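Engineer: Numbering (my numbering), first residue to last: 1 to 440.
Don't read these hints as lab results, they were simulated from the structure. Watch out, some of these pointers could steer you wrong.
As the list claims (entries may be wrong) - Calculated lysine to aspartate or glutamate pairs in the EDC-like style (CA-CA distance at most 20 angstroms, straight line):
(1) Lys-273 with Asp-419
(2) Lys-364 with Glu-346
(3) Lys-273 with Asp-328
(4) Lys-147 with Glu-157
(5) Lys-208 with Asp-300
(6) Lys-273 with Asp-320
(7) Lys-426 with Glu-78
(8) Lys-332 with Glu-306
(9) Lys-332 with Asp-300
(10) Lys-208 with Glu-157
(11) Lys-147 with Glu-127
(12) Lys-332 with Glu-297
(13) Lys-273 with Asp-314
(14) Lys-124 with Glu-102
(15) Lys-426 with Glu-399
(16) Lys-364 with Asp-349
(17) Lys-364 with Asp-352
(18) Lys-208 with Asp-298
(19) Lys-208 with Asp-142
(20) Lys-208 with Asp-134
(21) Lys-147 with Asp-134
(22) Lys-426 with Glu-438
(23) Lys-147 with Asp-206
(24) Lys-332 with Asp-352
(25) Lys-332 with Asp-298
(26) Lys-124 with Asp-98
(27) Lys-147 with Asp-98
(28) Lys-364 with Asp-336
(29) Lys-147 with Asp-165
(30) Lys-147 with Asp-204
(31) Lys-332 with Asp-349
(32) Lys-208 with Glu-188
(33) Lys-147 with Asp-207
(34) Lys-124 with Asp-86
(35) Lys-332 with Asp-314
(36) Lys-332 with Glu-346
As the structure is a prediction and not an experimental result, all values here were calculated from the model.
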Amino acid sequence: MRVVLEARESVHTSQHHIEPAAGRLGVLTVGLGAVASSFIAGIELIRHGLAEPIGSLTQMSTICLGRRAEGRVPLIREFVPLAGLDQIVFGAWDPIADTAYEAALRCGVLDRLGHVEPVAAELKEIEPMPAVFDQNYVRRLDGSNVKSRAGKRNLAEALRRDIRDFRAAHSCDRMVVIWCASTETFLEPGPAHQSLAALEAAMDADDKSVPPSMLYAYAALQEGVPFINGAPNLTVDVPAMVELARTAGAPVAGKDFKSGQTLVKTVLAPMLKARMLGLQGWYSTNILGNRDGEVLEDPDSFRTKEQTKLGVLDHILRPDLYPLLYSDVHHKVRIDYYPPRGDSKEGWDNIDIVGWLGYPMQIKVNFLCRDSILAAPLALDLVLFMDLARRAGLTGVQEWLSFYFKSPQHAPSAYPEHDLFVQHAKLENTLRWMMGEEQG
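Take these sequences, add in the hints, and give me the full structure.
Structural biologist: Structure (structure tokens):
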């Protein structure tokens, strides 16, 4: 034991250079629906001392440093130089012209008297810029607040101007763009996505393989602005965008906020593997009645979402290593649009497991959650951590933020990590590394 301790004590650490979090941080949300309006209203309420940032690691979680006996357990926000909530300035794009105030009322996530009206003045100031929107990619939505400029290259340039104009108008020192909009129709990676030159040629040709989400990401990265993909869209999860991110010196992260049923799945599946319990089948179904549920009624949009939900189990359970236990798992996922439920999503899971001597058992989970309430603190953490990454000179894919995503973007040479606890450890160790502390 003494040898192990001496080895730990000899580990060399040095603090990574991080630019200070001075000045204003502009946060542009793509979409001003349930998630974005709940996120923005929540920040305003917290800034006014009217609410607590429950669910946010950056605001509420501590991090253990050194040995447990040392008792060094600072808050994350006091350990790493994050931007303060009072430094954030919000803007948005949306095909529907509602202000953030009108959007919050329309979506019905937050209590009007308790959580919308107290910050009504601030929410009313946020008027969405005209969006780049194409109904071919989100068939069940429509809106008139859209850019009329023809050609995908021209639309991308218009978004770049929006970013520059917002930065100037609000005296922002730094920016972050986060996709909080709807799920686009399913798209496979193709030739247009293999290099930046190919992507730009496809944009010039108005190729259908370049959806609106890629135009937003392209515009943000060309401006050196970090981009976060909160939906299951392909968007930045292609070589062309990774190349652009590195060239522009900007970080990217995605995809699809891990907020509800998949969060539970990434906790329970590691438990099964840790105990070497077998799995025969996992049936998951959801009902929700918000705009996301309506969009996912379209089979092509659902296919995009389904891919991020289905990929979780194989990577956690590793059937290649444990074929007897996990090689023949029937994994089924359904999502049904049910308007009466609104944003209060309900997820049911039936899990058929196998124990000692092959005896069958079952686990049943009924998660009555609030979709946007779970997603809003993820958006906050990701914005602050991506701004931190940018100031720390980190570029390209930020795998250390896999904790927040259903289908974490990763290096081509590695498989994605889905185990929530491994993801959490990676996040904390990255913060320790940045600050020159020994990794846990």
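Engineer: A separate judgement is required for each hint: does it hold in the structure or not?
Structural biologist: For each hint, the structure was consulted:
1. Note on Lys-273 and Asp-419: the hinted pairing holds, with a Cα-Cα distance of about 11 angstroms set against a maximum of 20 angstroms.
2. Proposed proximity of Lys-364 and Glu-346 is supported: the alpha carbons are some 13 angstroms apart, at most 20 angstroms.
3. For the hint linking Lys-273 to Asp-328, the alpha-carbon distance of about 15 angstroms falls within 20 angstroms, and the restraint holds.
4. Pair hint Lys-147 plus Glu-157 holds up; C-alpha atoms about 11 angstroms apart against a cutoff of 20 angstroms.
5. Between Lys-208 and Asp-300, the direct Cα distance comes to roughly 15 angstroms. Compliance with the 20 angstroms bound is thereby established for this hinted pair.
6. Taking the CA atoms of Lys-273 and Asp-320, the gap is about 13 angstroms. The hint holds against a cut of 20 angstroms.
7. With a C-alpha separation of about 19 angstroms, the suggested pair Lys-426 and Glu-78 falls inside the 20 angstroms cut-off, and the hint holds.
8. Distance restraint check for Lys-332 and Glu-306: the Cα-Cα separation of roughly 9 angstroms lies within the 20 angstroms cut-off, and the hinted pair is therefore satisfied.
9. The hinted pair formed by Lys-332 and Asp-300 meets the criterion: a straight-line CA distance of about 17 angstroms does not exceed 20 angstroms.
10. Straight-line distance between C-alpha atoms of Lys-208 and Glu-157 comes to about 18 angstroms, which keeps the hinted pair within the 20 angstroms bound.
11. Of the supplied pair hints, the one linking Lys-147 and Glu-127 holds, its CA atoms being roughly 15 angstroms apart against a limit of 20 angstroms.
12. A distance of roughly 17 angstroms separates the Cα atoms of Lys-332 and Glu-297; the hinted pair therefore holds under the 20 angstroms criterion.
13. Straight-line distance between C-alpha atoms of Lys-273 and Asp-314 comes to about 11 angstroms, which keeps the hinted pair within the 20 angstroms bound.
14. Between Lys-124 and Glu-102 the alpha-carbon distance is near 8 angstroms, which keeps this suggested pair within the 20 angstroms criterion.
15. With a C-alpha separation of about 9 angstroms, the suggested pairing of Lys-426 with Glu-399 holds against the 20 angstroms cut-off.
16. The straight-line distance between the Cα atoms of Lys-364 and Asp-349 is roughly 6 angstroms, inside the 20 angstroms bound, and the hint therefore holds.
17. With a C-alpha separation of about 9 angstroms, the suggested pair Lys-364 and Asp-352 falls inside the 20 angstroms cut-off, and the hint holds.
18. Note on Lys-208 and Asp-298: the hinted pairing holds, with a Cα-Cα distance of about 18 angstroms set against a maximum of 20 angstroms.
19. Simply put, Lys-208 and Asp-142 have alpha-carbon atoms about 19 angstroms apart, close enough for the 20 angstroms limit, and the pair holds.
20. Between Lys-208 and Asp-134 the alpha-carbon distance is near 10 angstroms, which keeps this suggested pair within the 20 angstroms criterion.
21. Taking the CA atoms of Lys-147 and Asp-134, the gap is near 10 angstroms; set against the 20 angstroms cutoff, the hint holds.
22. With a C-alpha separation of about 13 angstroms, the suggested pairing of Lys-426 with Glu-438 holds against the 20 angstroms cut-off.
23. A distance of roughly 15 angstroms separates the Cα atoms of Lys-147 and Asp-206; the hinted pair therefore holds under the 20 angstroms criterion.
24. Distance restraint check for Lys-332 and Asp-352: the Cα-Cα separation of roughly 12 angstroms lies within the 20 angstroms cut-off, and the hinted pair is therefore satisfied.
25. This hinted pair checks out: Lys-332 and Asp-298 have alpha carbons roughly 18 angstroms apart, not beyond 20 angstroms.
26. With a C-alpha separation of about 9 angstroms, the suggested pairing of Lys-124 with Asp-98 holds against the 20 angstroms cut-off.
27. Proximity of Lys-147 to Asp-98 is assessed by CA-CA distance (about 16 angstroms); at most 20 angstroms being required, the pair is judged to hold.
28. For the given pair, Lys-364 sits about 19 angstroms from Asp-336 by alpha-carbon distance, which is consistent with the 20 angstroms threshold.
29. For the hint pairing Lys-147 with Asp-165, the CA-to-CA distance comes to about 16 angstroms; that is within 20 angstroms, so the pair holds.
30. For the suggested pair Lys-147 and Asp-204, the alpha carbons sit about 17 angstroms apart, so the restraint of at most 20 angstroms is met.
31. For the hint pairing Lys-332 with Asp-349, the CA-to-CA distance comes to about 10 angstroms; that is within 20 angstroms, so the pair holds.
32. Pair hint Lys-208 plus Glu-188 holds up; C-alpha atoms about 12 angstroms apart against a cutoff of 20 angstroms.
33. The hinted pair formed by Lys-147 and Asp-207 meets the criterion: a straight-line CA distance of about 18 angstroms does not exceed 20 angstroms.
34. Annotation: proposed proximity of Lys-124 to Asp-86 holds, straight-line Cα distance about 18 angstroms (limit 20 angstroms).
35. Under the criterion of a C-alpha separation no larger than 20 angstroms, the hint pairing Lys-332 with Asp-314 is consistent with the structure, at around 13 angstroms.
36. With a C-alpha separation of about 16 angstroms, the suggested pairing of Lys-332 with Glu-346 holds against the 20 angstroms cut-off.
This entry satisfies every hint, going by the numbered hints stated previously.
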